[in-house]
Structure formats: C-alpha cells, structure tokens
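There are 2 protein chains.
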Amino acid sequence: MTDVTEAMLRPSEDELIAAYFAPLAGAGAHGLLDDAASLASAPGQDLVLTKDLLVAAVHFFNDDPPGDIARKALRVNLSDLAAKGAEPLGFLLGLALPQDWTADWLKAFAEGLGSDSAAFACPLLGGDTIRTPGPLTISITAIGAVPSGGMVPRGGVAAGDHIYVTGTIGDAALGLKLRHDAAAGRSWTQALSAAAADHLRRRYLLPEPRVALRGSLRRHARAAMDVSDGFGGDLAKMLGLSALSARVSIESVPLSAAAREALSLEPRLIETILTGGDDYEILCAIAPADRAAFEASAAADGTTVTRVAETFDGGQGVLFQAPSGEILRLEKLSFQHF
Amino acid sequence: MTDVTEAMLRPSEDELIAAYFAPLAGAGAHGLLDDAASLASAPGQDLVLTKDLLVAAVHFFNDDPPGDIARKALRVNLSDLAAKGAEPLGFLLGLALPQDWTADWLKAFAEGLGSDSAAFACPLLGGDTIRTPGPLTISITAIGAVPSGGMVPRGGVAAGDHIYVTGTIGDAALGLKLRHDAAAGRSWTQALSAAAADHLRRRYLLPEPRVALRGSLRRHARAAMDVSDGFGGDLAKMLGLSALSARVSIESVPLSAAAREALSLEPRLIETILTGGDDYEILCAIAPADRAAFEASAAADGTTVTRVAETFDGGQGVLFQAPSGEILRLEKLSFQHF
Numbered sequence: 001m002t003d004v005t006e007a008m009l010r011p012s013e014d015e016l017i018a019a020y021f022a023p024l025a026g027a028g029a030h031g032l033l034d035d036a037a038s039l040a041s042a043p044g045q046d047l048v049l050t051k052d053l054l055v056a057a058v059h060f061f062n063d064d065p066p067g068d069i070a071r072k073a074l075r076v077n078l079s080d081l082a083a084k085g086a087e088p089l090g091f092l093l094g095l096a097l098p099q100d101w102t103a104d105w106l107k108a109f110a111e112g113l114g115s116d117s118a119a120f121a122c123p124l125l126g127g128d129t130i131r132t133p134g135p136l137t138i139s140i141t142a143i144g145a146v147p148s149g150g151m152v153p154r155g156g157v158a159a160g161d162h163i164y165v166t167g168t169i170g171d172a173a174l175g176l177k178l179r180h181d182a183a184a185g186r187s188w189t190q191a192l193s194a195a196a197a198d199h200l201r202r203r204y205l206l207p208e209p210r211v212a213l214r215g216s217l218r219r220h221a222r223a224a225m226d227v228s229d230g231f232g233g234d235l236a237k238m239l240g241l242s243a244l245s246a247r248v249s250i251e252s253v254p255l256s257a258a259a260r261e262a263l264s265l266e267p268r269l270i271e272t273i274l275t276g277g278d279d280y281e282i283l284c285a286i287a288p289a290d291r292a293a294f295e296a297s298a299a300a301d302g303t304t305v306t307r308v309a310e311t312f313d314g315g316q317g318v319l320f321q322a323p324s325g326e327i328l329r330l331e332k333l334s335f336q337h338f
Numbered sequence: 001m002t003d004v005t006e007a008m009l010r011p012s013e014d015e016l017i018a019a020y021f022a023p024l025a026g027a028g029a030h031g032l033l034d035d036a037a038s039l040a041s042a043p044g045q046d047l048v049l050t051k052d053l054l055v056a057a058v059h060f061f062n063d064d065p066p067g068d069i070a071r072k073a074l075r076v077n078l079s080d081l082a083a084k085g086a087e088p089l090g091f092l093l094g095l096a097l098p099q100d101w102t103a104d105w106l107k108a109f110a111e112g113l114g115s116d117s118a119a120f121a122c123p124l125l126g127g128d129t130i131r132t133p134g135p136l137t138i139s140i141t142a143i144g145a146v147p148s149g150g151m152v153p154r155g156g157v158a159a160g161d162h163i164y165v166t167g168t169i170g171d172a173a174l175g176l177k178l179r180h181d182a183a184a185g186r187s188w189t190q191a192l193s194a195a196a197a198d199h200l201r202r203r204y205l206l207p208e209p210r211v212a213l214r215g216s217l218r219r220h221a222r223a224a225m226d227v228s229d230g231f232g233g234d235l236a237k238m239l240g241l242s243a244l245s246a247r248v249s250i251e252s253v254p255l256s257a258a259a260r261e262a263l264s265l266e267p268r269l270i271e272t273i274l275t276g277g278d279d280y281e282i283l284c285a286i287a288p289a290d291r292a293a294f295e296a297s298a299a300a301d302g303t304t305v306t307r308v309a310e311t312f313d314g315g316q317g318v319l320f321q322a323p324s325g326e327i328l329r330l331e332k333l334s335f336q337h338f
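Chains as they are written, first to last, in this note's numbering: chain A, 1 to 338; chain B, 1 to 338.
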C-alpha cells in the first residue's frame, strides 16, 4: 500500500478508492467495485438510517488533523444511531474533495476513518467521491438495526418523565469558543490550565458517541435524541413534540472539571455550556417507575447518566433555574444553522 | 403552505424542513421530526444502497431549473438501483445550501423532488440540511430491495456473453457539449435543428432511469451497471472486472435522431458520444442462451435494448470498430473525475 501511495501524488478516483477505502470495506460492499452495496436483512429487524453532512470551516477547521475530521464525521452519525437504540451495520461515505487535496491528506483521513470503523464495528459499504470547487464536504449515511418496532423515538415523552443526559455538557462548545477566544486574546483562555484547555479542545475535535447505552435506551427510554445543536434547544425540541415543559436546575447539569474551571474564570460561559452545540451526548426520557432499572442498566454499560429535570404539562418550554432560584433568560436555546 | 412560504424569506432549518420536505416524507420518516428513519425489513430481501453527490457547476449548471436539479439528483441514484435490479424503497437527502439560497429556489427544488419521488414511488426518509460557504451540494442515498442474493453485480461477465445497452447513447454528453460549443459559437450548434438541440439539452438536464427493466435484469442479466461516466469507459470497467474484452461495432451503438443529426454536422462528435458521461442508460451482459428471453422481457417492460458486442477472453479492453473495419483510437474512454 505504501508504495502505491507514494507513487501517486494525485490518484484517479478508482485508484484512490482502491488504495484508501477498499481496505475499510465490509461484506456487502463488493470491494467498492460495484455501483451499490447490498445488505441482507435479518427477520424481526428494522433498519435505522441517518445522515449528517459536514463542511470545512463550518463543522470543523481546515487544519484539523484529517484523521480526526474523518472520525468526527463518522461519530456524529454513530451518535444518532446510539440515541435511537440501534446497532451499527455500516456506512456510506460521500466525499467532495476540494481542488487542493493531496494524497497524504487523504491517506490520513482514510486511516482515521478505518480506525473508528473498526473500533465501532461499522464497516464502509460504499459511497461516492467527487471534486468540488468549494470546501471539503463529507456526507455520511449510517445504517443501524433495532428489533422490529424498537427504534427509540424523539417524540413520546409523557408528563412526569425524568430527563437524563449522558456524560458532561458544554465541553465541545467551550472547546470551540476557546479556539476563537484564544485567537482574540480573551483573558479566561490565558488563565485556563493546559489540561483543561486540552480536554475542551479534544471534546470539540472528537465526540464520544454513547454507543454503549443503546441497549439500555431500547429497554427503558420512552424517547431519546442526541445533543448536537445545544442542550437547551435540543431538550426544547424533544419536549415540544409532546407539548411538555421542564425546569432544569443549572446545578444539576453535569459538567466536566475543565468546564467548571472555565466557568469559574468566566461566569458568562454558562450560556455557551447550556446552548452551544457539538456535545453528542444523549438526552432521554425515563418513566418514573423505570428510573432505578435504567440507572442500573446504564451503570452496567459503563455510561454515566445524570437526571437533570422532570417534565410537566404546558407550553413554558425549557426553563433554566440558577442556584439563587432565579430563572435564567438565555438569548437563544441552541445553535442555529440558518 | 403558500402563506407560510411567502411569510418567510429565509426560514430556519426546522421551518424549511416542515414547509418543503415534510410533505415528501414516507412512512418510516417520522414526519422528518426524528434524528433517523426506520425501515422494516422484509424476510427474504436484501437491501441495496447507493449514494451519489452532485455539486453546482460540476454536475449541473447554477441556473438550471431547481426542480430539474432535484430530479436529476434523485434519478442518478434511481439509475444505480435499476441497474442492480432493485425496487426503490426510499431515499435520504443531504443538502448543503450556499449563502445566497432563497425560499423560492428551495420551494421549486422541493416540488421537483416531490414530483419524482411520487412518480418513482421512492419516498423521502430523512436527511440533513446545512449551510455551506461553497456551492450548492446535494448528496442522496437511495435504498432499494431485491430478493435475497438477487442484486445484479457489476462483475461476473463470462466470455461469449452478449452486451446490451438500453435507450440511446451520447445524447446527454452532446447536450452538455452543445451548451459549451454554442457559447463558443461553433458551427455545428448553429446548424442543428431546434428539435434536436432541445432533445440533447433535455437528456443532459434530466436522465431517464431505466427502472422498468429491473425485473428483466434480475431474471436474465449476468452483470449490469449504469452508464454514468461514458459508454466506452464504463463498459471497459465492467469487462475489466472479469478480464474480458469486446469489439464494439460503432454502427451498432444506438443513437437518437438528434445525435445522428449532430454527428452528420460534426463527425468528430463520435468521440463525445462514445466516451462522454451522463447517459444513465444500463449496460448488461446476457448469456447466449438467455438472449431471446431477455429481449422478450425487455420488450414487455417497454424498454428498448440493443445488442452492441460479444465478449471474448483477453486484455484488449474495449475496441471500437468503424464501418470501414478500422479500429478507432479514442483519447480516453470515459469522463475522469480527477
């Protein structure tokens, strides 16, 4: 492989597929030599299909390591599958390469992709590679499976359900803000410890899809979604489908040590934490009678889950309550794409 | 719907999905309100998955009618499914909108997409909409089904198989060349009849996926693929997988009346016809004993098929033979993406 790579500075489409992507191909991919992939369906199974697009300078930085860009593109899709309770079966990769792509860049991209494809048991099934006059654009379609009728929906939350979230909230948004604010010379970025800065940057660069929780979600969650556009806004979306509200005590929102350190340096970062995007944690609604079983099941999965709210009827949406009892007014609840 | 549209010059992502795309949603799409689509699998069935990316100013012109852009993006994927013998089940749409998108443009795009989605019984299942600093980029993943093990492969042609092609070859490439050459004032474009010019332009703008042939391909074809990168190059790819060659008599290649007219005005256009892209016709290999049955079956489907070659062992690739007996040397056998 190395010889092939070094011999071709700019391989043709067929050459680059053979060199970089064919090694990632799963059973139904036909060595990426066909126009389509095939996937045998198992009786009693539903497929779960999700698709996310990522564009350079919008969803990642042009100079991020190519392997991490690839892994993030796959992981944001794996996060959707996990939130729906689905086991990954494979993915299709659409790649629009800018004019200045190089074989070295693509090799590193494919290596990152291959490493996560193996780690998450989600083989490459097919795709399309083209050139674009615009920025690098990655389109991944991930395919998963659940037992028939078992996809965990986003809607269907009931009044009185308890809302849980995995992991910690706000790290990725702080990691992104850190990159911008450090460039602007803002003081909190200079006072932040190197370990905290590394943690936040890493959480933006590479989300951790909560795949281990998928079985627990299927067994116990009434509804679930992944937090991609911001904790507050995504919770509001989930509750809005069922015309429910929730009061979230800000103290209950799980924060990493790094986020706590940043917040102690700049209290206004609470807004970034509660409304910024890219967490890729999972929000879910658990019926009161299922709480103990869900918590035990999540612990067995090795996934930290934290109860952040209880839902109630009415159109108040998501209210954030400060330790003082004051209801915080947030400018907007989530990252807006448009 | 009209009121909503007129009230919002630049709707949010959720608003535009609700206004334009939710009406196209199929059964497993959950009204496009969830993170993923679900698709029940039928026992005894394999899924067939294909993905094509299209970028403005590369795969279509910026000023092409938005509805036709959408229909082309769906049809090139339906063409892949048809070549594999698959019935469409649905599709996912990834849409990266440039900075200057308008609600009117998007409304027309969604109307075109909806019209073909209905015509080809291929509902929208989900997707992702983002903004890009680059050109409009469309990524469609189409999902189809075949009986278990029934996907028609690209490989597997045997020596002595007969090669057939649907419809007519070269129209779309001539339609594209016509747009370029007319702008450059080349004489053949001025001498061409308006009817011929319309036909060629239309064939570039909107391919006709040969979906009616899918059953005949499943029953009779040893191998098949759609012709997207050029007749000569795609045939060479199909034969190359089986280390076979074929001699194609140029007189046997099916041409439209419009292509014949263009060729009579400019004989050098034969190279465009034989190697240009965007035909979206189907190439297939039929065993000698199956020829009569395949031809009868295709006729019953209402699809014109033409025998263009017979395969033989050896690494000569695809040879084009002129009426004089001379073997034509073509600069390159297909459109190169890179």
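Check before you lean on any hint, since a few could be wrong.
Each pair may be met inside one copy or between any two copies, as identical chains are not told apart.
No farther apart than 25 angstroms at their CA atoms in a straight line, the calculated lysine to any residue pairs in the SDA-like style are these [claimed, not checked]:
| hint | residue 1 | residue 2 |
| --- | --- | --- |
| 1 | K332 | A108 |
| 2 | K237 | H180 |
| 3 | K237 | V58 |
| 4 | K237 | S249 |
| 5 | K237 | A159 |
| 6 | K107 | F61 |
| 7 | K107 | P147 |
| 8 | K107 | W188 |
| 9 | K107 | A191 |
| 10 | K332 | S115 |
| 11 | K237 | D14 |
| 12 | K237 | G155 |
| 13 | K237 | A182 |
| 14 | K107 | L255 |
| 15 | K332 | G302 |
| 16 | K332 | A293 |
| 17 | K332 | P65 |
| 18 | K107 | A257 |
| 19 | K107 | A183 |
| 20 | K237 | A184 |
Calculated directly from the structure, the hints in this document are not laboratory data.
Checking an output row: K107 and A183, CA cutoff 25 angstroms. Within, between, both or neither? neither (30 angstroms within a copy, 40 angstroms between copies)
Can you give me the call for K237 and A184, within, between, both or neither, at a CA distance of at most 25 angstroms? neither (33 angstroms within a copy, 53 angstroms between copies)
How would you label the pair K107, A191 (within, between, both, or neither) given a Cα cut-off of 25 angstroms? neither (37 angstroms within a copy, 50 angstroms between copies)
I want to check one pair: K237 and H180. Are their C-alpha atoms no more than 25 angstroms apart within a copy, between two copies, both, or neither? neither (28 angstroms within a copy, 48 angstroms between copies)
How would you label the pair K237, S249 (within, between, both, or neither) given a Cα cut-off of 25 angstroms? within (18 angstroms within a copy, 62 angstroms between copies)
For K107 and W188, with the copy left unspecified, which applies at a CA distance of at most 25 angstroms: within, between, both, or neither? neither (37 angstroms within a copy, 45 angstroms between copies)
From the Cα coordinates, with 25 angstroms as the cut-off, is the pair K237 and V58 best called within, between, both, or neither? Within one copy only: 23 angstroms inside, 37 angstroms across.
25 angstroms Cα threshold - placement of F61 relative to K107: Answer is within: at 18 angstroms inside a copy they meet the 25 angstroms cutoff, but 32 angstroms across does not.
Within, between, both or neither, where K107 and L255 count as close if Cα-Cα is 25 angstroms or less: neither (36 angstroms within a copy, 42 angstroms between copies)
Evaluate K332 and G302 at a C-alpha cut-off of 25 angstroms and name the case that applies: within, between, both or neither. neither (33 angstroms within a copy, 56 angstroms between copies)
Alpha-carbon proximity between K332 and P65, which holds within one copy, between copies, both or neither at 25 angstroms: This pair counts as neither: shortest intra-copy Cα distance 31 angstroms, inter-copy 36 angstroms.
State whether the alpha carbon distance between K237 and D14 is at most 25 angstroms within one copy, between copies, both, or neither. between (43 angstroms within a copy, 10 angstroms between copies)
Going down the numbered hints, you'll see the structure goes against 1, 2, 7, 8, 9, 10, 13, 14, 15, 16, 17, 18, 19, 20, while the others check out.
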